[in-house]
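Undergrad: Given next are the chains, with one letter for each unit.
Number of protein chains: 2
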Amino acid sequence: MRAGFGSARTVDSSVSPRLAAPMIADNAKQSQSLHIAPLGGVGEIGMNMMLFRCGEDYVIVDSGIRFPDANMIGVEVILPNLAILAAINDKIRAIILTHGHEDHIGAIRLLAQRLDLRQIPILGTAFTLALLRHRLSEEGLSSGVTLEQIRPGDTVEIEPFTVSFVRVTHSIPDCVAVCLDTPMGRVIHTGDFKIDVNPLDGEHFDEDKLRALGDEGVDLLLSDSTNASVPGWTRPEEEVAAGLEEQIASWKGRVIVSLFSSNLYRIHSLFKIAQRNKRIMCLLGRSVQRYVAVGRETIGLELPAEKDLVDVKKLHHVPSHQQLIVCTGSQAEPRSVLARASRGEHRDLTFGEGDLVLMSCRKIPGNERRIHRMINDILRAGAKCVFGKQAPIHASGHARQDELTRMLDLTRPKCFIPVHGEYSFLLDHANLAEQVKIIEDGSVISLSPQGITQIAQEQLEPFFHDGNTLGTSDELRIAEKKRLAWNGVAVVDVTIDPSRGIFLDLKIETRGLFNDEGRLCKEIEEAVGKQMSGQISDMDVEELKHYAGMLVRREFRNRIQRKPVTVVQIQAAT
Amino acid sequence: MRAGFGSARTVDSSVSPRLAAPMIADNAKQSQSLHIAPLGGVGEIGMNMMLFRCGEDYVIVDSGIRFPDANMIGVEVILPNLAILAAINDKIRAIILTHGHEDHIGAIRLLAQRLDLRQIPILGTAFTLALLRHRLSEEGLSSGVTLEQIRPGDTVEIEPFTVSFVRVTHSIPDCVAVCLDTPMGRVIHTGDFKIDVNPLDGEHFDEDKLRALGDEGVDLLLSDSTNASVPGWTRPEEEVAAGLEEQIASWKGRVIVSLFSSNLYRIHSLFKIAQRNKRIMCLLGRSVQRYVAVGRETIGLELPAEKDLVDVKKLHHVPSHQQLIVCTGSQAEPRSVLARASRGEHRDLTFGEGDLVLMSCRKIPGNERRIHRMINDILRAGAKCVFGKQAPIHASGHARQDELTRMLDLTRPKCFIPVHGEYSFLLDHANLAEQVKIIEDGSVISLSPQGITQIAQEQLEPFFHDGNTLGTSDELRIAEKKRLAWNGVAVVDVTIDPSRGIFLDLKIETRGLFNDEGRLCKEIEEAVGKQMSGQISDMDVEELKHYAGMLVRREFRNRIQRKPVTVVQIQAAT
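Protein chains in written order, with this note's numbering: chain A, 1 to 574; chain B, 1 to 574.
Treat the hints loosely; a few may be bogus.
Pairs count within a copy or across copies, as identical chains cannot be separated in the list.
[Said to hold, decoys possible] Cut-off 30 angstroms, straight-line C-alpha distance, at most; resulting in silico cross-link-like pairs (DSSO-like, lysine-lysine):
no., residue 1, residue 2
1, Lys384, Lys437
2, Lys91, Lys414
3, Lys91, Lys437
4, Lys363, Lys272
5, Lys437, Lys252
6, Lys314, Lys437
7, Lys545, Lys530
8, Lys307, Lys272
9, Lys314, Lys278
10, Lys437, Lys414
11, Lys252, Lys389
12, Lys414, Lys384
13, Lys563, Lys482
14, Lys437, Lys389
15, Lys252, Lys278
16, Lys563, Lys522
17, Lys482, Lys384
18, Lys482, Lys363
Bear in mind the hints are in silico, worked out from the structure with no lab data behind them.
Computed from a predicted model, the values in this text were never measured in an experiment.
With the rest of the complex left out, here is chain A:
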């Protein structure tokens, strides 16, 4: 297990009392209804987590992370507020995973730092669990968890929940929707899906099962809203394969494809294209290698074996026109293969004339600037670069409006709640249906034979992980980090003569502040020194620190319109 300072801490973050009442408190009334609370992913993209309570028993569907915006410095991932879960730790009967994307499973390894997971089985399909197992074992966490594999079509009893799994298609293999039957009614949670009518692994979206559930009656549908603003039907993966082959077959030089490495359908397509076009595949980047390795053992999709691949170190033996390099970094993540290669910083990959770079992806909002910068660098090197908008070489994994309507038609729910999306997506999804309720993270809704009502709405503070430590915004000092970056820090060293109660001297040292070889500091030392002389006789150490800090901040503000963070220390001399 990676050293995680704070990992042994008890949970002391307080849960809002308005959420605590319906979600945590022991209360006889709770057994009369099913409570549903999105802790993440509803009203935002990412960190999906849905909590279901029936009486004193809880299940969680999905447990994901999201990534911070560019201006949130010092944070690597964001995850749902875990304080609620900590408070009900011993009543959580299962964590159910719909598929293996990080925004659905990525928080499990962090949950382990705040919760005791030993009594909580984690349910998922073979591929989903294999990915999770791989990740947990990297962090030395495997021994603390119980993974229970399910298959589409399975039904599992988790009293009082009866949980059945329905095959859906998406951009990663082995995905399921979840049907929860409870004494209060039936809820279907779609997970992420699109309807690919001809999936490359032959694992078909199970319309029959969904229609059958609809025939029996569905009280509530929770359905993926990511593409609810987009009309039409998502491009099938088969068409993407054709688009990629058109580009690759007609190119005389080397081809480099960058993609979301969890999309094994696409890697399968590229493998077939390589075979047909007499190219040898090279997988570059740990992430794409990991997904292929896990996929080989768990899913029925033809993927390149080790013997079908060429190691990057031997790539120079292969003529350019026989190379097909598949790599990570489509979002220009700074340390990714593609980003490093574009900056000329990758040992084994540099770009030049004769190279074709296919960006088989979309630009995730927030990454546009750095992706553009990376593409400019690739072009500067002389390579050609084709983006997913310029040719049919990418497809979204999320249902568009016609597919969403199909899902509604199949399940015919009494009530529908759009999930997995920003507010505007939820709104557009809601417009496709009747009997809709829009809620967001921090809501609690109640399902009973009388129908559905919203019983709470509260702001949920997310948790943060800085790469090492998990904590609240306050614990990780997120706001102070930003203040440090904007305003810099001034360390103030005050020397006094305590026996006579007089000020003697003051020294200022700064970091992250305008630097003019100390002239500004010297000016401020003099100005503050004058004000402190004769003013300090009545002060204790804390008052003195406070006073000196205030004077220093004021003098900086007067001169450079910035109030640095101050740290004051008092020295005694005689």
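Guided by the hints, dock chain B onto chain A, whose structure is given.
TA: Just chain B now, kept in the frame of chain A:
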């Protein structure tokens, strides 16, 4: 003049010797050719500045700023490297402005901090100069500059340059292209343009003049590449007006339009729409009010007078269906009217049902996340929101491919250099022409009767302004700011007994670092204290500081994988 610490400093940033030779050094050979050097805006979007040298005489075309990416904390604007200009201050004969956008004129007020501008006339059209004058007077800088108004069609002698001005159309009124005739040949710099064949102010794009210049012969064309990747012709502003009217005429409640406030064409259109639809206009936000005020006095476009407007304080007297609010904040700038209103933080504007918000703009790359967040908040409040992609309510100000081809056809240059764009745009623009040269900021090209050659290419360090102080990355400690935000700061107070040369005590105080009520610091104090005991007798104060800092960083890294910035102070005690 706003207090600017450092404003009186001499320029000490060194200019790269490779650029200094062709651009700065006295050299008889220079008189045999025209040297052209982009200091900004070529290979990037923003901070446009082009330097022309003929013998010992220089002119500058445009002088703009750009805005930092979201992850560059502590910087408000970025501008071209001013060190070169400082070195040739007394030889700059003019600064020529093509139009009044901030990425073309915004650096003038900052130039004044590093250069003596008193002997350098600044040439521009009436509206451009009125905007500049307004801005300079806000900062108390008006007295130091000479503004010389020109009109399209004018020719001005700035020995050895003959400068003539050609009317072009764009998204701000009163724009010109610049033709520089020199002993070495003729150069046309288009400035920013699109070809709006029916401009709302009747100021037509001067095709005849450009064709005539082409007939006489053009040696070099420098042309706007912003939309070079987009096929077709830009939507005319007249069509935008129709699109806006369609939305507004059919809406029963209040309408709020957000736009780039320099687009007075659009404000004119909205004013006419308001009149036809019996609505009263309210201008919200300093920026939109300033542009309208300056525009009323300088351009021939019908704009609302004070009597045509309603003050926001009296808006509650006007029925909702008669209100048309025009406001700033289309890019969700945090302190803008629209952003504050969306967060419920604006005193005079809140959103609710019955409101229609028209986003008459595009999303500038890098702003997408915050714009989406803002729109979600507007929708949450119950308002309807229409973005420029959903209806024809916005048009770009920059020529698309067909217009760019027209510019090339009119001027028929012997050589063409695409400017004003990221590298990928330059490349796409280059594909429209023959005899093309792609260069980027930091290049120097030479035009002589023998043709065009590139004679230097150097990385140019930009300058930064933090809201108060102008300086290089180093002077403003940009890298250290980021380190502070990522890693926090640890202030280490070491007490020694200098007479005996022994370590006595160590205290650590942190900011922006994981906070566990001091337990982590205490652990590290003990670990470092142990290592320092008996180790320090030979060290002087600087060695001691260095040693203690190294130990503290190492102990933090071992525990929380973070090496904080350290500031060490040594106290003497006995």
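Undergrad: Against this structure, judge whether each hint is valid.
TA: Comparing the hints with the structure gives:
1. For the homomeric pair Lys384 and Lys437, the shortest alpha-carbon distance between copies (18 angstroms) is at most 30 angstroms, but the shortest distance inside one copy (48 angstroms) is not.
2. Taking the closest pair of Cα atoms, Lys91 and Lys414 come within 30 angstroms of each other only inside a single copy of the chain (29 angstroms); across copies the shortest separation is 79 angstroms, beyond that limit.
3. Taking the shortest Cα distances, Lys91 and Lys437 sit within 30 angstroms of each other inside one copy (28 angstroms), while across copies they are farther apart (69 angstroms).
4. Within a single copy, Lys363 and Lys272 get their C-alpha atoms as close as 26 angstroms, which meets the 30 angstroms cut-off; across copies the closest is 39 angstroms, which misses it.
5. Within a single copy, Lys437 and Lys252 get their C-alpha atoms only as close as 54 angstroms, which misses the 30 angstroms cut-off; across copies the closest is 26 angstroms, which meets it.
6. Proximity of Lys314 to Lys437 under the C-alpha cut-off of 30 angstroms is found in neither arrangement, the shortest distances being 57 angstroms within a copy and 37 angstroms between copies.
7. When the C-alpha separation of Lys545 and Lys530 is checked against a cutoff of 30 angstroms, the pair qualifies both within a copy, at 16 angstroms, and between copies, at 28 angstroms.
8. Only within a single protomer do Lys307 and Lys272 lie at most 30 angstroms apart by alpha-carbon distance; the minimum there is 15 angstroms, versus 71 angstroms between protomers.
9. Proximity of Lys314 to Lys278 under the C-alpha cut-off of 30 angstroms is restricted to the intra-copy arrangement: shortest distance 17 angstroms within a copy versus 74 angstroms between copies.
10. Proximity of Lys437 and Lys414 under a CA criterion of 30 angstroms is satisfied intra-copy only: 11 angstroms inside one chain copy versus 65 angstroms between copies.
11. Taking the closest pair of Cα atoms, Lys252 and Lys389 come within 30 angstroms of each other only inside a single copy of the chain (22 angstroms); across copies the shortest separation is 38 angstroms, beyond that limit.
12. Taking the shortest Cα distances, Lys414 and Lys384 sit within 30 angstroms of each other only across copies (27 angstroms), while inside one copy they are farther apart (52 angstroms).
13. Within a single copy, Lys563 and Lys482 get their C-alpha atoms as close as 13 angstroms, and across copies as close as 17 angstroms, so both meet the 30 angstroms cut-off.
14. Taking the closest pair of Cα atoms, Lys437 and Lys389 come within 30 angstroms of each other only across two copies (27 angstroms); inside a single copy the shortest separation is 34 angstroms, beyond that limit.
15. Proximity of Lys252 and Lys278 under a CA criterion of 30 angstroms is satisfied intra-copy only: 12 angstroms inside one chain copy versus 64 angstroms between copies.
16. Proximity of Lys563 to Lys522 under the C-alpha cut-off of 30 angstroms is found in both arrangements, the shortest distances being 16 angstroms within a copy and 29 angstroms between copies.
17. In this assembly of identical chains, the alpha carbons of Lys482 and Lys384 never lie at most 30 angstroms apart, being 39 angstroms within a copy and 34 angstroms across copies at closest.
18. Taking CA atoms no more than 30 angstroms apart as the test, Lys482 paired with Lys363 passes in both settings, with 27 angstroms inside one copy and 25 angstroms between copies.
Comparing the model with each earlier hint shows violations of hints 6 and 17; every other hint is respected.
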